[in-house]
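Okay, so the sequence shown: first residue is 0 according to numbering that gives the first Met the number 0, each after it adds one.
Rather than coming from a laboratory, the hints here were simulated on the basis of the structure.
No more than 20 Å apart at the CA atoms, straight line, and that leaves these computed lysine to any residue pairs for SDA-like:
#1 Lys111 with Gly35
#2 Lys85 with Arg97
#3 Lys91 with Glu57
#4 Lys37 with Asp101
#5 Lys119 with Ala30
#6 Lys61 with Ala141
#7 Lys119 with Gly28
#8 Lys37 with Thr70
#9 Lys78 with Pro33
#10 Lys61 with Arg49
#11 Lys91 with Gly52
#12 Lys78 with Thr99
So the derived label-pair ranges between C-beta atoms look like this:
#13 Pro74 with Thr3: 46 to 54 Å
#14 Ala15 with Lys88: 44 to 52 Å
#15 Thr86 with Ala15: 42 to 50 Å
#16 Arg84 with Glu123: 37 to 45 Å
#17 Asn7 with Asp100: 47 to 55 Å
#18 Glu24 with Arg97: 21 to 29 Å
#19 Glu24 with Gly65: 12 to 20 Å
#20 Val14 with Thr99: 35 to 43 Å
#21 Ala39 with Ala134: 23 to 31 Å
#22 Glu108 with Glu24: 18 to 26 Å
#23 Pro74 with Gly28: 15 to 23 Å
#24 Val89 with Lys111: 33 to 41 Å
These numbers come from a predicted model, not from an experiment. All C-beta atoms, glycine included, are put in the ideal place defined by N, C-alpha and C.
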Amino acid sequence: MQETIWDNPRFRNWVAVARACHAVERALGQALAPLGLKNAHLDMMMNIHRHPGMSQQELANKLLVGRSNITMLLPQMEKRGLVVRKTDKVDKRVLRLRLTDDGEELLREALKIHLSLVEKIMSETPADECDIVGAAMNRITAVLTEPTNGV
Numbered sequence: 000m001q002e003t004i005w006d007n008p009r010f011r012n013w014v015a016v017a018r019a020c021h022a023v024e025r026a027l028g029q030a031l032a033p034l035g036l037k038n039a040h041l042d043m044m045m046n047i048h049r050h051p052g053m054s055q056q057e058l059a060n061k062l063l064v065g066r067s068n069i070t071m072l073l074p075q076m077e078k079r080g081l082v083v084r085k086t087d088k089v090d091k092r093v094l095r096l097r098l099t100d101d102g103e104e105l106l107r108e109a110l111k112i113h114l115s116l117v118e119k120i121m122s123e124t125p126a127d128e129c130d131i132v133g134a135a136m137n138r139i140t141a142v143l144t145e146p147t148n149g150v
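From just these sequences and the hints, can you work out the full model?
Okay, structure coming up:
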């Protein structure tokens, strides 16, 4: 009998990871909708909160997206009064990002929702298994983001 790609445990388990990722993204998107946020907004806000004053390019690098993705979303967030962009004092071409007080407050609400979802997802998984999953995902990320390891 000839082995199919679905018989390969690496492929089969990778599909399971991808399906779980999509399910989480969908659930989080639905949970954030009442706040008027999308997953991308939350990702941006979390990173700006953790690294206040980061540039748009630094944010794009952290999120593994192109700068154009950031440039499209930031005006929406600025218009809502969640983020401010200020010109760098040394390099006038660089815009530095910070959350406003309203942005910080909305982020706190969104993080409660996000944590609740994570707790629900991981509630049946012992902490040591959570650490194994996290380590495996970090290795995968490293393989795909290291300049010398690209596909």
